[in-house]
Amino acid sequence: MTSLYDEVQAAPGEGVPTRRVTIKVNGEDRTVDVEPRLLLAHLLRQGLKLTGTHTGCDTTNCGACTILFEGRPIKSCTMLAVQADGHSIETVEGLASASELHPIQEGFKEEHGLHCGFCTPGMMLAAKALLDKNDNPTEDEVRWALSGNLCRCTGYQNIVKSVLWAAEKMRAESK
Amino acid sequence: MALDEIKIGGLGASRRRVEDNRFIRGKGNYVDDIVLSGMLHMEILRSPVAHARIKSIDVSKAYDIPGVRLVLTGEMMAARNLAWMPTLSYDTQAVLATDKVRFQGQEVAAVIADDPYIAKDACQAIVVEYEQLPVIVNPFQAMESGSEVIRDDKENQPGNKVFDWEIGDKAATDKAFAEADVISKMELHYPRSHPSPMETCGSIADFNRATGKLTVYMTSQAPHIVRAAVAMVAELPEHMIRIVSPDLGGGFGNKVPIYPGYVISILASILTERPVKWIEDKTGNLISTGFGRDVYLQGEMALRKDGKMLGMRMRTISDHGAFYADAQPSKFKIGLMHSTFACYDIPAAHLESVGYYTNKAPGGVAYRCSFRVTEAMFFQERMVHAAANDLGMDQAEFRRMNLVKDDMFPYRTAFGFLTDSGQYGKCLDIGMKAIGYDTYKAEQEEARKRGKLLGIGISTMTEPLGAGNSREYDILGIKMFDSAELRVHMSGKAILRTGAMNQGQGHQTTWAQIVAHELGIPADDVTVEEGDTDTAPFGMGTYASRSTPVAGAAVAMVARKIRAKARKIAAHLLEVSEEDIEWELGRFYVRSNKERGVTIQDCALAAYSNMPDGMEPGLENNAYYDPPNLTWPFAAYFVKVEVDAETGVWDVLKVVAVDDCGVRINPMVVEGQIMGGLTEAYAMASMQYQTYDDEGNCIGSNYMDYLLPTAWETPGFELHEVVTPCPHHPIGAKGVGECATVAGPAAFVNAVVDALGHLGVRNIDMPMMPNRVYEALTTGKDISGMPPVKMGD
Amino acid sequence: MYPSRFGYESPKTVEEAVAILDAHGGEAKVLAGGQSLVPMLKLRFAAPEMLVDINSIEGLRYHRVDADGTIRIGALCRHEDLEEDDAVAKAVPTIAAAAPLVADPIVRTRGTFVGSVCHADPQGDWAAAMTALGGHIVAQGPKGKRDIPMKDFVIGPFQNTLAFNEIAVEAVIPAPKGVRVGNYLKLERRVGDFATASVAVALDMVGDTVANAGIALAGVGGRTINANDAASGLIGKKLTAENISSVAAAVAAAAEPRTDHRGSADYKRQIVKTFVERILTGLANSSQKAA
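Chains as they are written, first to last, in our numbering: chain F, 1 to 175; chain C, 1 to 793; chain D, 1 to 291.
Hints were generated in silico from the structure; no laboratory data involved. Some hints could be false.
[To be verified] Pairs of lysine-lysine, DSS-like flavour, derived with a Cα cap of 30 Å:
(1) F:Lys161 with C:Lys654
(2) C:Lys7 with C:Lys654
(3) D:Lys12 with F:Lys24
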């Protein structure tokens, strides 16, 4: 009875409808049999062992589970895993390369943009979605773009500074 | 050459955080990230009603669902003497309800299944028959004679009163009031607020029958207290219990108490002989775990007409929910409420407090404050604001006149606290300058002519942080000291463990900085571990801003013990007597010849390879620190707002925070703490609260109703610093994590009330939602939070 | 957080989707953006037998302005598609104003305009905007397509008049009679909060005279409030202070707010009145500037 999220090697449970899906996760195709009701966030965390994506609420408010779906930020607790079939997603684990942090990750560390770290992956991916569209945002634009993600620790000011730090670095690197 | 302390990440360095390296890669290790082999999943069925007798529970349909392994009810807990557990305030709390449910969201049954989806399916299949009872949702209903007794499980509990408590000198206070020129009054409700860390509570209990050992991974800010309590409840010996708190996704006091879910998961693991994971959903967290505040406060000040404060008295009526589960020192029934007015020179004071049971969630945790200091200081600053207006005095000048002066320390407050240091006037001056106080009155007048409502609010306070000293502070009889253990390896690198428990404060980073300061070992060479009761020394955990004052002091003290031993080794290596040795950061040298010296790393190597004859090998030690006093940081906050007269919407124009928390170990981290606290203050002032309807349904059971501000609404903050070292702390530090949450709310409320002051408005209860502000500004009347408050006399 | 079991189909055409709905006789739900439905599944407030995911149907993610000025919004047009789009801002300023106020930025990347109209949340932004704009929904069922005007579409809280085997495939906003102006104001306590009150205004102007007027409200009644009758008081008139204030009063009277923890009924009416005045005064000022 582990049909919900086990990788295809495991036999699905009896009588439970499952679908085989293939999702490109951080550039790598992953094939899994899932029950339709399984939330994408749960597939990532439990099935694919990518625990950097967090779930912080039941109501699509907190944004801790934010990932990039075809390059745009979504709340992965509010998409079914089956819906990601054939699509490409990016999680926090895909931000850094083996040797190098993404400037957003560096920015969060440099500007103390996190305390407990629970909202951080979602914040960073929301920030990446912003910077991918706008490489020179104002403070207000950053605050607006992050307003679907809740943080209880930092008071946001340093998160905003972290994103602006990253934007500056990314602009410098692209020159 | 002495080392450059900032370069080695010592005291005062804004060292980038070590823990960030894992968090920014998504490699944190929170409870829900942990997977144990063969692990089962638990979901809790909660009561939909606030007060009802349980007539029957039918779990048979739950067992029909494939994948369900165990269904636990109160009856099964009772058979193992586990239906009730002790709270941190010497009361009892139901683990799974047996007789009645006493609040909406109370734990009624639990399902253990192969995955959480199946467990949830099975919860829905459980049929519970309830017989509704009258519901009590506030202390005023609870105190009515003949009202339904909520705690009929307790002997000698005739009504719903939890306690009756007083402190201070009543006669002296009465005399002050008799002699007063002016008596100023204030009455308000500090609403119920939930700390709501982003991560909910959860546990994985893993009982190994073969070894008899129970390991519990859980979300606890105080793992050692949990071990003691589990030993008591589960009747297991301590050495057979290991509590591990991994990374915590925030705590804010919410993760101090022991919750039924933890206990149920333990029994479930014992019965199934498999690891059992319980991860609470957000609604469960919001409606059943420790809340903050929910206190009605009424008081008055005796004043001389020139503005001198002569006395104050205060009464509180607090709502504790269905179980008195406050996390607080045993000696004090309403926390440190009597620290109110500690920054003011007041000769006489008296406090009376009464607490009641209601059909609401239990808790009364210190939500980002030191044991109810938040409501104490909020009342203080709202009272002071009103008193200044009653006297026709300027807000800043009234405060300045009455604040304890620099030369009055140590100062004994009327309630008996000893404040020991501060530069209150200086903080006030800095804040006034930064907010533009001099030109503000004219600006406000001019704006009013244009139909704009401007307001400035001030809040100044000192609060007691860092419980405790063992004379006065204990939880369940365990004294509130803390601990550190330092082991220096032969390479001069080190591992440090403390009894505190990080939940975002950055202990891994800052504790190493204290070691660097004391020993000259670069902070990068010091690993910090916390949260595992099998390895960490016994400590009381992290809450009430006590880490730096207590555990942080223990770190300094253990490092000094290490240095003392290293000095003997240095003398041996340098072939001189110990008296001829001097210390500079990272190095001992011969007094007569500074060039001749050995580093701390040399000493570490020698401790394992070349120690003096007769010396015990190795370089490690521990320290248990019992602070002589609390620490007393000071805060002066200024908020400027503009109110839209047509909608009641108010915008924050500027926030200035001046904090004196003594010596700052890591200024970056300190500022992060202050900004986080200010945001929670803004949240409570503007939108964040929990209320209940007449049937006891919790309004605020998820983030659609329980509003937390986003980056968009949250204002920017301007921070300033004053440093008055704590005279008794080894490195001069004071607590800081909670100052802003404590002093902040009053600054926001005072600002809005100031904007409306010319209309006769004296108080608007939090949260100051636009509709409340609009009502106040159109009627000129005070706005009180529900219910209609009659405090009696 | 853990939905009940349901079946799932992801058809490739609208016809297939309709057939699945038809076969399940009212026990199936359409899944588009899912930003309202999935939260309800997670809380188990909804437990359909079958979900018909229309996201794999090609050709439904569009919004365009036809040559005659008619605006068409496809079933998979996401909220964010309507944000920061100059064509939308020019053709339907009411929609451009409301788009950034829908839910939060992350939800807007996924949630759909048409789905939100169908959800018929009394506090929903898009049903109000569509009502003010006098739009209609194109429904496709087993027997083909039909148009349902907004006034007949939302009939109660979370209730629309789609048959169980119909899918809303398009929202249509008619071409303006003149120059279309408009705005949307919402009182929310924080981003993503449900509206305490919000006001959608859409006017067609010929010179400085109002040729057509629509106003609708959210958050102030058991359903989307159609205040088009009250708004019609502006037709044939100029946006003078006097006309504005009398329409604002009429619109406030059309609201059906209830007292709750967001405010008293009177307060919500006051917000409606203030917002109508602010929007109309703003439109009057900008049309003056343009002239």
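Here is what the structure says about each hint:
1. F:Lys161 with C:Lys654: With Cα atoms ~18 Å apart, Lys161 (chain F) and Lys654 (chain C) stay inside 30 Å; holds.
2. C:Lys7 with C:Lys654: This hinted pair is violated, its Cα atoms lying about 35 Å apart.
3. D:Lys12 with F:Lys24: The hint holds at about 21 Å.
Hint check: a violation occurs at hint 2 only; the rest are consistent with the structure.
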